[in-house]
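A.B. asks: Go ahead and model the full structure; you've got the sequences and the hints to work with.
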Amino acid sequence: MKTKVLIITAVITGLFFLLPEPNESIEPTDSNEQVDENSQSFDQNFIISKVRLFDGFKVFEETDVLIENNKIANIAVNIENKNNFPVLDAQGKTLIPGLIDAHTHAYGEALEDALNFGVTTELDMFTMPAFAQDHFENRDSVTNTNHADLFSATILATTTNGHGTQFGFDIPVLNHVDEVEGFVVERINDGADFIKAVYNSELADRKHFPSVSYEVMVELVESAHKNNRMLVVHVDNLISAKEVINAGADGIVHSFMDSVVDDEFIQSMLNNNAFVVPTLSVLASAVQLSNADELLQNQNLSRFLSKQQKQQLDAKFPAFGIPEQGFRNAMESVSLLAKAGVSILAGSDAPNPGTTHGATLHGELMFLVKAGMTEQQVLHSATGAVSEHFDVGLRGTLKTGAMASMVLLNNNPFDDITHTQNIAKIWKNGSSHKRTTLANTVNNNSIIQPGLVSDFNASLTETQIGQGIIESTDQMAGGKSTVELNQKSHENSEDSYLHVKGEILKGFMYRWSGFSYMLSQDPTQAVNFSQIKQLTFDAKSIDAKQELALLLFEKGSFQPVTHMIKLSKEWQNHVVELSQFKAADLTEVSNISFVISQELGEYEFMIDNIELK
Amino acid sequence: MNTKTLSEKPNLLKIYILEAKTEFMRLIRTPGFSIPTLLFPIMFYTFFGIVFSMSPAMPTYLMVTYGVFGVIGPALFSFGVGIAVERGQGWFNLKEVSPMPASAYIFARVALTFIFSFVIICLLYFMAAVFADVQLYRSQWLLIALILIIGSLPFCAIGMYLGLSLKSSAAPATVNLIYLPLGFLSGLWLPITLFPEMMQSLANLLPPYHLAQVALKVIDMDVGDSIYLHLGVLAAYSIVFILLAMKAYYKKDKS
Amino acid sequence: MQHEHIAQIHQVSKKFDENLALDQVSLDIRSGEVLGILGPNGAGKTTLINLMLGRMALTTGEVSIFGLKPGSIELKRQCGAMLQLSGLPDMSTVKEHIELFMSYYANPFAYQKIIDLAGLAGIEDQYSKTLSGGQKQRLLFALAICGNPKLLFLDEPSVGMDIETRKSLWHTINELKANGTSVILTTHYLEEADQLSDRIIMLNQGKIIHQGTPDEIKANINTKKIRFISSTPLAELMSIGDKLKITSSGKYYEIQSKDSSKILRKLFQVSDDIQDLTVTGAALEDAFIQLNQANPMKTNAAGEEL
Numbered sequence: 001m002k003t004k005v006l007i008i009t010a011v012i013t014g015l016f017f018l019l020p021e022p023n024e025s026i027e028p029t030d031s032n033e034q035v036d037e038n039s040q041s042f043d044q045n046f047i048i049s050k051v052r053l054f055d056g057f058k059v060f061e062e063t064d065v066l067i068e069n070n071k072i073a074n075i076a077v078n079i080e081n082k083n084n085f086p087v088l089d090a091q092g093k094t095l096i097p098g099l100i101d102a103h104t105h106a107y108g109e110a111l112e113d114a115l116n117f118g119v120t121t122e123l124d125m126f127t128m129p130a131f132a133q134d135h136f137e138n139r140d141s142v143t144n145t146n147h148a149d150l151f152s153a154t155i156l157a158t159t160t161n162g163h164g165t166q167f168g169f170d171i172p173v174l175n176h177v178d179e180v181e182g183f184v185v186e187r188i189n190d191g192a193d194f195i196k197a198v199y200n201s202e203l204a205d206r207k208h209f210p211s212v213s214y215e216v217m218v219e220l221v222e223s224a225h226k227n228n229r230m231l232v233v234h235v236d237n238l239i240s241a242k243e244v245i246n247a248g249a250d251g252i253v254h255s256f257m258d259s260v261v262d263d264e265f266i267q268s269m270l271n272n273n274a275f276v277v278p279t280l281s282v283l284a285s286a287v288q289l290s291n292a293d294e295l296l297q298n299q300n301l302s303r304f305l306s307k308q309q310k311q312q313l314d315a316k317f318p319a320f321g322i323p324e325q326g327f328r329n330a331m332e333s334v335s336l337l338a339k340a341g342v343s344i345l346a347g348s349d350a351p352n353p354g355t356t357h358g359a360t361l362h363g364e365l366m367f368l369v370k371a372g373m374t375e376q377q378v379l380h381s382a383t384g385a386v387s388e389h390f391d392v393g394l395r396g397t398l399k400t401g402a403m404a405s406m407v408l409l410n411n412n413p414f415d416d417i418t419h420t421q422n423i424a425k426i427w428k429n430g431s432s433h434k435r436t437t438l439a440n441t442v443n444n445n446s447i448i449q450p451g452l453v454s455d456f457n458a459s460l461t462e463t464q465i466g467q468g469i470i471e472s473t474d475q476m477a478g479g480k481s482t483v484e485l486n487q488k489s490h491e492n493s494e495d496s497y498l499h500v501k502g503e504i505l506k507g508f509m510y511r512w513s514g515f516s517y518m519l520s521q522d523p524t525q526a527v528n529f530s531q532i533k534q535l536t537f538d539a540k541s542i543d544a545k546q547e548l549a550l551l552l553f554e555k556g557s558f559q560p561v562t563h564m565i566k567l568s569k570e571w572q573n574h575v576v577e578l579s580q581f582k583a584a585d586l587t588e589v590s591n592i593s594f595v596i597s598q599e600l601g602e603y604e605f606m607i608d609n610i611e612l613k
Numbered sequence: 001m002n003t004k005t006l007s008e009k010p011n012l013l014k015i016y017i018l019e020a021k022t023e024f025m026r027l028i029r030t031p032g033f034s035i036p037t038l039l040f041p042i043m044f045y046t047f048f049g050i051v052f053s054m055s056p057a058m059p060t061y062l063m064v065t066y067g068v069f070g071v072i073g074p075a076l077f078s079f080g081v082g083i084a085v086e087r088g089q090g091w092f093n094l095k096e097v098s099p100m101p102a103s104a105y106i107f108a109r110v111a112l113t114f115i116f117s118f119v120i121i122c123l124l125y126f127m128a129a130v131f132a133d134v135q136l137y138r139s140q141w142l143l144i145a146l147i148l149i150i151g152s153l154p155f156c157a158i159g160m161y162l163g164l165s166l167k168s169s170a171a172p173a174t175v176n177l178i179y180l181p182l183g184f185l186s187g188l189w190l191p192i193t194l195f196p197e198m199m200q201s202l203a204n205l206l207p208p209y210h211l212a213q214v215a216l217k218v219i220d221m222d223v224g225d226s227i228y229l230h231l232g233v234l235a236a237y238s239i240v241f242i243l244l245a246m247k248a249y250y251k252k253d254k255s
Numbered sequence: 001m002q003h004e005h006i007a008q009i010h011q012v013s014k015k016f017d018e019n020l021a022l023d024q025v026s027l028d029i030r031s032g033e034v035l036g037i038l039g040p041n042g043a044g045k046t047t048l049i050n051l052m053l054g055r056m057a058l059t060t061g062e063v064s065i066f067g068l069k070p071g072s073i074e075l076k077r078q079c080g081a082m083l084q085l086s087g088l089p090d091m092s093t094v095k096e097h098i099e100l101f102m103s104y105y106a107n108p109f110a111y112q113k114i115i116d117l118a119g120l121a122g123i124e125d126q127y128s129k130t131l132s133g134g135q136k137q138r139l140l141f142a143l144a145i146c147g148n149p150k151l152l153f154l155d156e157p158s159v160g161m162d163i164e165t166r167k168s169l170w171h172t173i174n175e176l177k178a179n180g181t182s183v184i185l186t187t188h189y190l191e192e193a194d195q196l197s198d199r200i201i202m203l204n205q206g207k208i209i210h211q212g213t214p215d216e217i218k219a220n221i222n223t224k225k226i227r228f229i230s231s232t233p234l235a236e237l238m239s240i241g242d243k244l245k246i247t248s249s250g251k252y253y254e255i256q257s258k259d260s261s262k263i264l265r266k267l268f269q270v271s272d273d274i275q276d277l278t279v280t281g282a283a284l285e286d287a288f289i290q291l292n293q294a295n296p297m298k299t300n301a302a303g304e305e306l
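Residue numbers (our numbering), protein chains in the order written: chain A, 1 to 613; chain B, 1 to 255; chain C, 1 to 306.
Because the hints were derived from the structure by calculation, they are not lab data.
The structure displayed is predicted, hence computed values, not measured ones.
There's no promise every hint is true.
Stated by the list, open to error - Only pairs whose alpha carbons sit at most 27 Å apart, straight line, appear in this in silico DSS-like list of lysine-lysine:
id, chain 1, residue 1, chain 2, residue 2
1, C, Lys136, B, Lys95
2, A, Lys545, A, Lys569
3, A, Lys4, C, Lys95
4, C, Lys262, B, Lys14
5, B, Lys9, C, Lys262
6, B, Lys95, C, Lys95
7, B, Lys9, C, Lys95
8, A, Lys4, B, Lys9
9, B, Lys95, C, Lys177
10, C, Lys136, B, Lys21
11, C, Lys95, B, Lys21
12, B, Lys14, C, Lys129
13, C, Lys225, C, Lys262
Claimed, not checked - Here are some chain B residues the structure puts well away from chain C; computed CB gaps all over 12 Å:
id, residue
14, Pro10
15, Leu12
16, Thr30
17, Gly88
18, Pro101
19, Ile106
20, Ala111
21, Phe118
22, Phe184
23, Asp220
24, Gly224
25, Ser226
26, Phe241
Said to hold, decoys possible - So, partial list: chain C residues that the calculated Cβ filter (under 10 Å) puts toward chain B:
id, residue
27, Gly61
28, Leu143
29, Gly147
30, Pro233
31, Lys258
Beta carbons are placed, not taken as given, at the ideal position from N, Cα and C, and that holds for glycine.
C.D. replies: Structure representation (structure tokens):
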């Protein structure tokens, strides 16, 4: 009996050591903390001792920081611990203010993702007011500890079919000076902290989108200022930038690639105390020079990225045909502006392709250093500099009285800016933030079961699974392609099918026309296709060589995964193995579009009996 | 009267061990009871956690929740059904009037619950590690197992109360009627976040939910409430049911 | 026989809701005696045993056994009990059951002695599931005696046993008694009570209606039932004796009497057309009814001292 028990115990112990462990050799930071710091909690009231402190402006070596009631109460050498608060010995580590990302588009999980990388404040440059309002409410509450604070422009000011209208949201547009005042008041009623406009000069060489007129632009500046709001502008060339700064705009929220800044521009920036948010990360991504891969491969960042964030970083812009030199122009401009003393603010423009909330700001800091700024200037650009331009209170600073939103770095970022990525601890409003890792995100999209989507007999647009079928063309992005969906009957039969007829026209760089099979109400939601193995449908086309593109869109992403199918002139059953959408996360499907893309001219194809198997 | 014999006591440890051993032998000779209890959570886990897993985190998450489901089964059944049946037979009465220390009876059943829980956890770990590629740190594997095993105690208390108050003929059905919905509503079968808001708040009232949250904290997959809340609820349930069980037990006039 | 009192039951009453199950019962139990408790169902036998085992709380009165309170573990270690069960855990062997119960006691009998006493040799490795009714009874008996108890409670011990086994059980009980063990026995077999008991108490409706040695009791309940058909009117039959209990049931008359031969003699004097005459021993139940009704005063007398 005893030997049996002994043997069983030995076998179980042996098996226990065979249980798989994660590949990383180091344990997650938070586990280390629990061990290292004897599970003392550093929340609300505590002291960080002997730390290198960057208060958003200057560096202090070996200083103590007293946090009392979630706020910075004292910064001094050798603070007396009168109340016997827990003391975190941070010798060798660096404490910096919670970072501010000065250019993002916040929706979905953006603010949670941001905080997870030490970004405690985001300045949003265009989101739907409902999202912003949700986050304005408790922005100044000390209990607001699980996501970054949001400051937002809410809806941007643009014109019909202008930049900003391509995302499929129905937003108000400006076509006349008279509409400006009303627009600004509406934004302020929405709760906007500042006004953002999109502008492109009449004189600019490259024009993708229509733009508001110069008169409207001037009126926007005046109206915003009259209402005590800043006006910031999206521009993508120097000439437009010059015009808006001369019109009195407070800052521009992109650098530009068409040319390097000249003395005249620098001078007017200085005269107007205007700032620039270069968003080098997104510009780099546009010319395929993104450092997203570097971020993805860095263990200090990647293990805290959610799956969606990884996809965002992995996503690519379509080829715009902009030369790489354009990006070098932008870098050169940043260098010149910084040297001249123009305020540079760090911003990521997440979640554009190749960027994501939180992590990309660290990548942006790397670009800014590469552009020639010092590490301290760069850190200032993501902290104190923002607080000097935007009305964000003491956010971005670690001065007495500021909320203790801060980041403790294991190393010295002034030696190497990538050390901002090696985070020991994050606090939001004085509460330590437990960083989420990929392992603990649970997909809660509803699971789609196999079945018939539509045989197009009962209805053209309604589907038995999902949210129906809608027209889809590049008009959403400012293109001109057209489409017409009709219900038609097979010959000698009452059985009907979907008839798709349209024309691909020049307009937007990426042209498409066809229909979308919607699986969710809006792009921020998705369904789970894990139970689906195949998509099947009958199809034929007028042209024997017609190629049909199946675009699978994931939640929150504007970059579909594409699968091409050749149509024939006879009805033919097509079976698409979903496994062929290799890059897609099938648990996050938002819609599947059936489109003809790129090739100019008229087309006609027919679809019937769409089924999920 | 010999006062010397009066003061002598039997060997308590020996009683504990024999009692547990007898109970254990009895159970493994009754595969009809033990095998379903062992395999139920494994089957469910295989189904929802491995075969129809919806996301990469699911196998890990569900390994923990099915672990909770697994350990509350033996606790409810060993105590709830076990005691009720022995009461129905009159065997419980005989034990009650015999000089068996009540603690030995409870100890034996708790030990049995622990052994069963341990086996279930081993099987779950095996499935998770081999078929679902679940990877955790050694400390996490160990800590989760410990939390689950110790965490079966409140359910032993609940089972004890049921065993002492249910009719023996009604006990198996009643315990099943409590066990299965309790598991489902506490989000042990599918992640709680998939449930409508109302059901999520309902889960807050149920002890398995709180045990799951404690265990999920080890792998940072909990909803983020304070551990003291979860432990508090579990402690409260234990105390209430121990009191109820004592009341049922000391309701002597049960002729 | 020693006359040391090991247990005192003093003025004990037990109420279930408004139902008085035991009414002012007083009783002493002596060391080394076998006390038989007789009574019809619902007489209060089980209640009395349960009170002594500590399974029920008293309404009023006092019970003290070996100077200890019923239900205390110290007392339980001095006692063994055999209750009526409908089943016992199926999948344990006879040996496992006994060894487990032995462990509860400080000075149990040797295992082999228990097997011999209870007559379980040869079936020690069988699961309880496979035992016959009589074998189960013997196992339960073994569990009751395994601790070498000073006081043994036996509730209907010979139910389901064949005559031979019953005899050997009686033999064992006598052996234990000789060893100094006191036994409290409930039974409805008059013969069993007669064979084993030094003293018998008879319970009815929560009261001790009679107590004494088996011989005394037998004299009291040695009632016969005389049944016959006659045309003689009831009034004339009544003249046979004072307090005579005559009932008419259909065309039959029934007379219950302890002295049947005297009654029969008188009966034939009074009536000359006796037909279909039968004389039978009274059932225990009848005896109780009769004792209870005929001797209401004796209850009190018996309750206080005998």
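A.B. asks: Would the least Cβ to Cβ distance between Phe118 of chain B and chain C come out above 12 Å?
C.D. replies: holds, 21 Å
A.B. asks: Beyond 12 Å from every Cβ of chain C: is that where the Cβ of Ala111 of chain B lies?
C.D. replies: Label holds. Min Cβ-Cβ 14 Å, cutoff 12 Å.
A.B. asks: For the restraint on Pro233 of chain C, tell me whether the closest CB of chain B is nearer than 10 Å.
C.D. replies: violated, 48 Å
A.B. asks: Is the claim that Phe241 of chain B lies outside the interface with chain C correct, judged by CB distances over 12 Å?
C.D. replies: Correct as stated: the minimum Cβ-Cβ distance to chain C is 23 Å, above 12 Å.
A.B. asks: Can we confirm that no CB of chain C comes within 12 Å of the CB of Thr30 of chain B?
C.D. replies: It is violated; Thr30 of chain B is separated from chain C by about 5 Å at its closest Cβ, not greater than 12 Å.
A.B. asks: Is the straight-line distance between the alpha-carbon of Lys95 of chain B and that of Lys95 of chain C 27 Å or less?
C.D. replies: holds, 17 Å
A.B. asks: Interface hint check: Gly147 of chain C, Cβ to nearest Cβ on chain B, cutoff 10 Å. Holds or violated?
C.D. replies: holds, 7 Å
A.B. asks: Gly88 of chain B: least C-beta distance to chain C exceeds 12 Å?
C.D. replies: Given that some Cβ of chain C is not farther than 12 Å from that of Gly88 of chain B, nearest at about 7 Å, it is violated.
A.B. asks: Just double-check Pro101 of chain B for me: nearest Cβ-Cβ distance to chain C has to come out over 12 Å.
C.D. replies: violated, 7 Å
A.B. asks: Does Lys258 of chain C hold up as a contact with chain B if the rule is Cβ-Cβ below 10 Å?
C.D. replies: Hint on Lys258 of chain C: violated, closest Cβ of chain B at ~35 Å, above 10 Å.
A.B. asks: Given the hinted pair Lys225 of chain C and Lys262 of chain C, is their Cα-Cα distance within 27 Å?
C.D. replies: The given pair, whose Cα atoms are some 13 Å apart, holds under the 27 Å limit.
A.B. asks: Hint check: is the beta carbon of Gly61 of chain C less than 10 Å from a beta carbon of chain B?
C.D. replies: Because about 15 Å separates Gly61 of chain C from the closest Cβ in chain B, which is outside the 10 Å limit, the hint is violated.
The structure does not agree with the numbered hints 4, 5, 8, 14, 15, 16, 17, 18, 27, 30, 31 stated previously, though it agrees with the rest.
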